[in-house]
Structures are given as C-alpha cells and as structure tokens.
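Participant: So the protein lines, in turn, are chains A, B and C. Number 177 in the numbering used here belongs to position 177 of the first sequence; there are no gaps in the numbering. In the numbering used here, each number is its position in the second sequence, counted from 1, plus 299. In the numbering used here, each number is its position in the third sequence, counted from 1, plus 612.
Check each hint, because a few of them may be wrong.
[To be verified] No farther apart than 16 Å at their CA atoms in a straight line, the calculated lysine to aspartate or glutamate pairs in the EDC-like style are these:
#, chain 1, residue 1, chain 2, residue 2
1, B, Lys-355, C, Asp-802
2, B, Lys-355, C, Asp-744
3, C, Lys-794, C, Asp-716
4, C, Lys-1016, C, Asp-983
5, C, Lys-1016, C, Asp-952
6, B, Lys-470, C, Glu-841
7, B, Lys-355, B, Glu-335
8, C, Lys-934, C, Asp-952
9, B, Lys-302, B, Asp-509
10, C, Lys-934, C, Glu-953
11, B, Lys-355, C, Asp-743
12, C, Lys-934, C, Glu-948
Everything labelled a hint here was simulated from the structure, so no lab data went into it.
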Amino acid sequence: MAEQVVELRADAAYENVTRPKSFWNSALRQLIRNNRAILGFAVLLVLVLAAVFAEQIAPYDPIKTNYSNVKQPPSAEHFIGTDELGRDGFSRLIYGARISLAVGFIVSSISVTIGVALGAIAGYFGGIADMAIMRVVDLMMAFPFLVLAIALVAVFGPSLFNMMVALIVLYWIWFARVVRGMVLTLRETEFIVGAKAAGASDIAIIFRHILPNVFPVVVVQGSFSVAEAILIAATLSYLGLGAQPPTPEWGSMLSNAKELMRILPVMSIAPGVAIMITVLAINFIGDALRDALDPTLRQ
Amino acid sequence: MKKYILRRVILMIPLVIGITTVTFALIHLIPGDPVELMMSNTRQMTQQEIDRIRDKLGLNDPLPVQYVRYVTNLLKGDMGISVRSRSAVSYEISQRMPDTIILTVTSIVLVLVFALPLGILSALKRGTWIDTAAMTFALFGVSIPAFWFGIMLMLIFGLHLDWLPTVGQGKTPIEFARSLVLPSVTLSLILLGLVTRMARSSMLEVLSLDYVRTAHAKGMGARRVNFRHALPNALIPVLTVISGQFASLLGGAVVIEKIFGWPGIGRLAVDAIFARDYLVVTNTVLVFSIMVILVNLANDILYSYIDPRIRLQ
Amino acid sequence: MKFKTAMTLFALLFVMALSLAPAAADGHCPQEGGTFTIGVDTFLPMDPNTAAHDWTFYAITNINSMLFRIESGQPVGDLAESWDISEDGTVYTWHIRPGMMWHDGNEIFPEGESREVTAHDVVYSIYRQYDDESSIMAADLRNLFVSAEATDDYTVVLTLSGPDAIMYDKARGLTFTAIVAKEAIEHYGDDYGLNPLGSGPFEFVSYSPDEEVVLRANEDYYIDPCLDEVIFRVMPDVPAAMIALEAGDIDWWGAVTPGDDVGRFLDNEDMTVINFGCPVATRLYMSVDKAPFDDVRFRKALSHMKDGNAINAALRGPTHVKGAGTAGPGVAGYVEGLYDEYHSYDPELAMSLLDELGIVDSDGDGWREMDGELLEIPMFAWNSDPAPDYVAAIVDAGAQVGLKIRSEIADPGTNNARRIDGEWGIYLGQGWCGEGGTNALWGRNGWISTLGYEDEEIFNLLDMSAQNLDEESREAQLQAATTRVAALYFEPAFGFFNIFTVKNNYVKDFFGGEWTLNLVTDDHNVWINEDER
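Next comes chain A alone, as it looks inside the complex (with noise of 0.2 Å):
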C-alpha cells in the first residue's frame, strides 16, 4: 500500500566510510533520548511477550468453542466478551499478537533479505544484472499494490504461508530500488574506486564497505515494513484472503466481528486497536531511528 519514505541524502550520509563507533554510540544516544522509542519499545516488548507465552497469559484456549456463551459483552471473565461461536475474545486478541508479529518480521526480514542482495547486485555490477532486475522492479511498481496481492494470494490459494510469500514477492521491490540506488551512489566515490584500485575483491568491497553504509538507511525502512506487513497481512485477512479459521488473526477477527459490530462493538473495536498500537510501536521505533541515523536531522 503506502511506501513509507526514506529520504537518501548521499552526500550528507556517505562521507564516513567506515562509521566510527561514535556514530553508533550517539545513535544509541539519541535514540534512548527519544520518548516515543521508548514507549515503542516498551510497548513491543510487551506484545512480544504475550506472543510468546500466550498459552500462559490467554485465560482461555483461542479455538475452543462454547455454544452456551456466545456473543457476551465484556465481563470479568471474559475482558472482551466472547464471540459468535463462544470464543474468549481477549484469548483470541493474545494470540493474535503471535500471528501478526510473526507475519510482519518475517516478510519484512526475509523481503529485506531478497531486496538488499538484488539491489546490491544491481546496483554494484550493473549490466545485464541491473537491466533483469530493474525491469522486474519497474514493472511490479506499476502494478497497483493491493490488487497484485489480492490476485496473487488467490493464485497461491488463501492461507497464512501463502499471503507471506505473496507479501514477500511485492515487498523486495521496494528494498532493491532504495538498495541500488545508493549503491550507485557509492560506487563512484573515491573510497570504493581507491579500494578497488588497491585490489579487493568485489565479495569484500561488498560486505566491507557498501552493505555498512547501506545498513542504517535498511534498518529505517526495514522497521517501517514491518508495521505495513502488519497492516496488509490484515488487510488482506480481513478481506478472507489471508489466516485461515479457526486462527485467531487480528484481521480475520475483524472480518468475523463485522456483523456483531451494533450488538458488540468492542468485538471489532478491539483487534482494530490492537492492530493500531502493534503498528505505532513498530512506527515510534522506526520513526526514532530515522531521526538517529540520518546524520542531516541530528542537532
């Protein structure tokens, strides 16, 4: 959907080589200065932990039933009622947090991974390299977002995994184009073309010198996919292109909630807000880290 903007300023960004520690360290300064890191932070790290142990944190087990308690409003045993075939809404909303996590790091992780290669290659070698994988790139831009993965998903057949790949198969674009560009960039300036004159291979200009300078500006917009993952893996399940039932996917969850929104809104307003503060966390992160690692907006 949305591309979330990283601003490449190459002159600014590319005059220390090797970054000195220092840069790191103020890095990590400023981003412990950052309020809304902190709170990122500390707010994904509890969805974190009840992703992990939400068997021990969930009251109730997320799948299981219960026709005689179906549709209650929020009460002390069930936080956020329970839904229409008597399932713990909050249990469920738990769980989810495992579901939607899981989503986002991994098709960001795995898109990052694919894309920063591609780009690199692209971006280093140029030629025939570059020309395969721009034209892929141009042509998956044109495409609009949501309708390629609607129709990918439906050729790949609906489930979680599926939607995963789909979302991986768009997702690459974004890190190869951002990766080459700067990779041109880099290529010309004195410190590559004097390490390449000096003799290093092209493996170790690579990993020495160019994936280092690439690495903040991937960090920034490799947080901010996360959180979009997130919102279109969602998107996508709420629209039943995505986790399949009885798994309690925020999105899914909504989409069922849809029709017990005027009897039970708090069915839909709550993975709706679960959905949001996974996102903002993820978004506080990146948006803090941005501000530590471009040197341009540092005071």
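Position chains B and C relative to chain A; hints supplied.
Facilitator: Positioned in the frame of chain A, the structure of chains B and C alone reads:
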C-alpha cells in the same frame, strides 16, 4: 524536453506489454471458471450448457489464442466483453473512472490542505509540543488499518451523529460532496501521515541549508525567509512523494470503495478477480498502470520546472 | 388452479404491518409520489437472458411485464390475465391482457408512439431464451421445451414434452416469462441489458454500474403505480448497508439480512422484518466416492461429532430454524424429526464409529490415523461470513473426537473449482430454497455430481416427483428421497436459516420480494408515507 518525453513514452511500451502479459497470465493461473461460478450462484446447468456459453464467450480457446485475440482487439481499441455483466469492458471502466478519480483527487487535496501546513508548522516549531503532537498524529495516520477506520467513521458520523451519509453517492452536488467526505477522509489517512512527516523533514533539511542560514544571518525576517526561500524548495520532495503515492492511493481505494459502496475501478478490479472476469481484470490493471506511469512522467517534468538543477536527459 | 402442490414451495409467513397498511387495490393511493430506495449487494445489466442474479431480477420484474408473478406463494396474473393447463400438464395456454403497451418516450418508441404487447412478443421472448447460445435458461426447462406458438394476438400456447411439477419455480420458469420487445433487442444488441425496455409498472431511466438503477412510474400500466420512482442502490458491504438502512438512506434491504441484524431490527419499532418464507439448509457434503467418506459409518461419525443445532443457532441468530434435510419446513418434501434422528450431537457415538472403522490414535499424539497415517481432512468453504465460522466450528468439533480437520477457505471461484474437480475432503454447503437444493447435490437431468453422489433410488424418486402432478403421492416421493439422503448420512446437517429482508415502516403495502418483486399488482400498490419518514 520533447525528446525526453518521447523517449519516456516509447519506454512505456515494453512496460505496458509486460503488464498486460503478466496480468493475463496471473489471472488465468487462479483456479476457477467464470461461467461455472456465475451459474453456481443461481441455477444449475449441465456441462454441455456451460460449454455452450464458454464457446460463445471464447473461453474454450487455448490461452495463447485468447491472449493474441485480446492484444489484437486491444490494439483496435476494443477491450472485449465482461463475462459477468456481458457488457463492454470499456463501458464498465469508463463508467467508474470518474468516480475513482474524484475520490483520489479529493484525498490528495485533503492531504495538501491539512498535511502540508501541519508538517511545515511542526518543522518551524521544532521540538515544541506542536511538533510532538503533529508527529504523533502523523504516525497514527500510517498505523491505523484504513478499512477499520472507515467503518468506525461510518458508525460515528453516519449513524450515531447522523451527520453524513454512510454509503453510496448523493445526487445533487451538495449531497454528492457530503457522500464524498467519509471515503475520501479514510483514503487520505495514510497519505496524511506520510506527507506530514515528509513535509516536516523536508522543511527541516532546507532550513539547515547554508543559504537559508545566510538569509537569517543577513537579518531577513524569519517569515520571509521561511516562506519565500525555504518553502518552495521544501515542497519539491513532498510533491514527489504525493505523486509517487498515487498508485498506492488507487490500490488502497479498493477496500474503501467496497466499504463505502463507491463505484470505482478498484472495486471493479477486485470483484472481477473474484468473478474470474479475465478481460475486466487485465484491462483495469492496464488502465491503472498507465495512469500511474503517466502521473510519474508528469511529475518528473514538473520537477524539472520547479527545480532547474534537475535536468532531464 | 392446478399445481397447488407446487405452490407449497412458497408457503409464506407474512408481515405484521401488512394488515395495518391501507390497501390500495382499487387503484387510489393514500399518498401519491415518492421514491422507494432498495438496497442490494450486487447488480448486473438487466437482460433476462444473461442476468444471473436475483437482485437484478427484482428490477427486471418491474421493467418487463411477466407472464405471471408469484405472490404469497401463488402465481398471479400480470401480462397473462389467466391461463389453462391441459389435463396431462404438457400444454399451457396463456391469455394475454389486452391494452398492455411498451414503454414510450425512449429511443425505440417515441412518446405516444408505442405499440401493444401481443402474444407474438411472448413467443419472441421465449424463443430468444431458447435459441440464444449465451442464454442462461435452465437445463431442465430446455429439455422439456417443445414449442411456443401465438394462436392469435392474445393467446400463447406452450407445449412441453412432459408434465412439470414445479413449473413456477424460479429456477425453471422465471427468466423466460420476462417479456422483451423485439425492436429493443435488435436495436441495442448486446447492450440491451444497459437499456432495458418493457411493459411493466416501471420504466427504465438510468443505470450506473456498481452504483444504482433508477426506474420511474409507467403511467400507461394497467394499474397506476403510487410510487414515482424506484431506485436500486448497490451496497457490497453488508454491515455498511445495515447502517444505511437504519439511517433511512435505503428504505428496504432486499438481500439476505445477517442473523444478528435481524435480531436487532425485530426490536426496532421503526422497522419491519419480512420473512422470505423459504428456509435454506446449511450442511456438509463430501467426496463420497473416496475413502473414508464412502463408508456410511464415517459419514455418520461426522454427523454426530458436531453440535450442528447449537452451531447453527449461534451463527444464524434469530434466523435459525432447527431441522435437517434438503427441504426446509414449509417446502415440499420436508420431513420432521430428521435432525434428531440422524444428526444429533453425540461425540461418544462418533468416536466409537471411528474406532470401529479402524481410524484410531495409535501413536498417542491425540489425532487419529487411518492405515497408519495421520488422517488430516481438508474442509472447503467460501470466504465470506458466516462460512469461515462453520469451518472453525467443525475444526473444533473434529479436535474433540481426535479427527484432524484443516480449514481451506477460499474465494467462491476457487472453492467452486475444487468441488468441480471433485477434490477429496469435506465441503460446506448451503442449500437452495425449494427443490433445487436436492438437485444441486444429486445429478439429475444431466447435472453431474463430481463428488460421486449417486444413488439409483434417490434418482428415481426425484425424477418421478418432478413429473408427478398428484399432490399427495408427490409429497410422499419427495419425503422418501429426503429421508433416504438423511439415512445414508449424505448431508450431515446443521439446520436451516430463514431469509429475512428488512424495510422501514414508512414503506406501505409492501410485503417483500419473492421470486418476483411485486410493487404494483391487483392486490398491492406500494406507497411511501412521507409523514412518517
């Protein structure tokens, strides 16, 4: 300049061919058959009868034959017939195009009116509570699931407060404008967040540049420096972002059009994917893509006018 | 009137407000004018040959005259004033109402230059359906059709090759009774559906796809409509439509209302909930030609492992009706007590049946194996509410008896393709209103069941009943078929749900859509009480 545009347009051709081919292949890879699907909705038919209808619609031919027919017809300006509605695909698309454009443009206008000033203000008031509030708002914007936000808006403003119509389009201009409010606000949500942040960081960057500092040092009024010198330069990257987001706005409209009953082409494309209405899908995606490519081209040209440092080659 | 049997198909429960609303049968309206806005979830161009959707028919049946309409489950006259059916049920003679005019003031017939609808138009319309290779005319009617003839300007004789007991059922007869004008068809060609022209109570004004259709009153109709205008508004998102209905943005929701909303509207004194009067079954079916589904004991285990009635009640809310079988209460062939006898909740029984079949958990992981391998059964369903919930319920029920069931929900196209390919597994199924439901599963008249649903006795019973004009023995045949389906556990049932539509109370003299949407007939003339709006 003319040469540049011509070159870009020529470069579009392989892209368009790629898009149609990929879409055509993709949509045919999805299991299911449009005629069988249509019949399963209402009446049962024998295989023989389904084949009869498929024959009439040319769906029994081998895929390469169908593809060649599609391309040759397209070159003649004929997009073919929709399986689901049995009317011309060009009719289906042209009927919905204005609605999608109105919705998209309204959202962009909303973004320009709200996000730009907010972003600039927060840059000028950097570090104050205004800045913090604006940035938090911006992050909320990109963090809320749009479809959920739409339903919540509908519940609050459509039903509880009864201020605005919930779904569909109004007839008179005033009613139409009223019915446009909720879907366009929902659609603009993501971009609101993005552009607020973008405007802020872009403005900050320009403010830190030497000539702005110099202007300040020379004793020019802050207002004059900010608005005469800094602002125009800060706007350039923001405009790029907005036009770059055009595609995602069109794509994002899919769900929002569905929820608000807005008769646009995003909804048409998705309904057509589910109905296996092959020609509608391929042609809608084609139109989408051409729009995106053209907007990007226009953006590049505009960019070169605003910022003479950028030379088109 | 013969064929009363057939009419029990449509036995209807009716509106509470009906008796309160002043009748307008004598042609005068308590209040003239007004716009009736109808919400539907999909809408297609209005050519009766190709429109494969009920809601589109709601517009068609107001633009085009129908030979007959269905009202309170009975056929009533429209273009045909009356009709006779031969003793053997093969010859229908329709007597056309004189003085019915095609709509004028359009491209085909300029204002005041229309012509009368005659028997020849009826014959033209029938043959257009019959001859056009892209027509969706139903198979069984096509098979029965022999000829249609206009013996004079006001008489049509339709000959069938055999008697047909459910002639009036929508699935068979309705499309071909929508009478179209030859001039319009020839003028517009494939675009006729965008410019429909008829002789019904309302004239076509405009159509914008996915948005709305506007009709206005036809002042030349033999009854003067009270309404000025009828608008169909397309609302794909049902929860949003429910909000619009409550806010008064639409006056009637013509498509299926979800159970929980029905419950809410029942409590809302500004709204009237209307029962369509034809309960629809929700059930399981499966690839019965493959192991382990080919064993009746396994199907029996599936049937008893789930608390179908409780699931259905939870998911259908106030629309839930307890029962089982291909036909629901009030529909021909319904047998009372089938649910309790064959589908009741009994997990112990299910487990002992599975044990008996050798499907046991031998490695102690909690899941049963068959032939030494984990038995993991896919369950197929479409991806819109409430189908995924039924799947979740079955997955959970399976887990309780140690049967591993994997959900495979997909969009309707993929789901349909799986069924047509006869993929191994369990399917969620929704019946038809009426006898179509039995036929959907059971190959009859050339419909092939790819899942292996074949049973000579059931085929015979269905074939015989289709041509049987004797009410009592026909009912017995259908009941025998329904009972046999249940006894062989071919369709483990959840229960039925009623289709409800909802209107705002200021809509008067309106009793909801049946197969035809009757806004203006001899007995009803819908009007809007603007004072109450």
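Participant: Now tell me, hint by hint, if it's right for this structure.
Facilitator: Verification of the supplied hints:
| no. | hint | verdict |
| --- | --- | --- |
| 1 | Lys-355(B) - Asp-802(C) | holds (12 Å) |
| 2 | Lys-355(B) - Asp-744(C) | holds (10 Å) |
| 3 | Lys-794(C) - Asp-716(C) | holds (14 Å) |
| 4 | Lys-1016(C) - Asp-983(C) | holds (15 Å) |
| 5 | Lys-1016(C) - Asp-952(C) | violated (26 Å) |
| 6 | Lys-470(B) - Glu-841(C) | holds (14 Å) |
| 7 | Lys-355(B) - Glu-335(B) | holds (14 Å) |
| 8 | Lys-934(C) - Asp-952(C) | holds (10 Å) |
| 9 | Lys-302(B) - Asp-509(B) | violated (35 Å) |
| 10 | Lys-934(C) - Glu-953(C) | holds (13 Å) |
| 11 | Lys-355(B) - Asp-743(C) | holds (13 Å) |
| 12 | Lys-934(C) - Glu-948(C) | holds (10 Å) |
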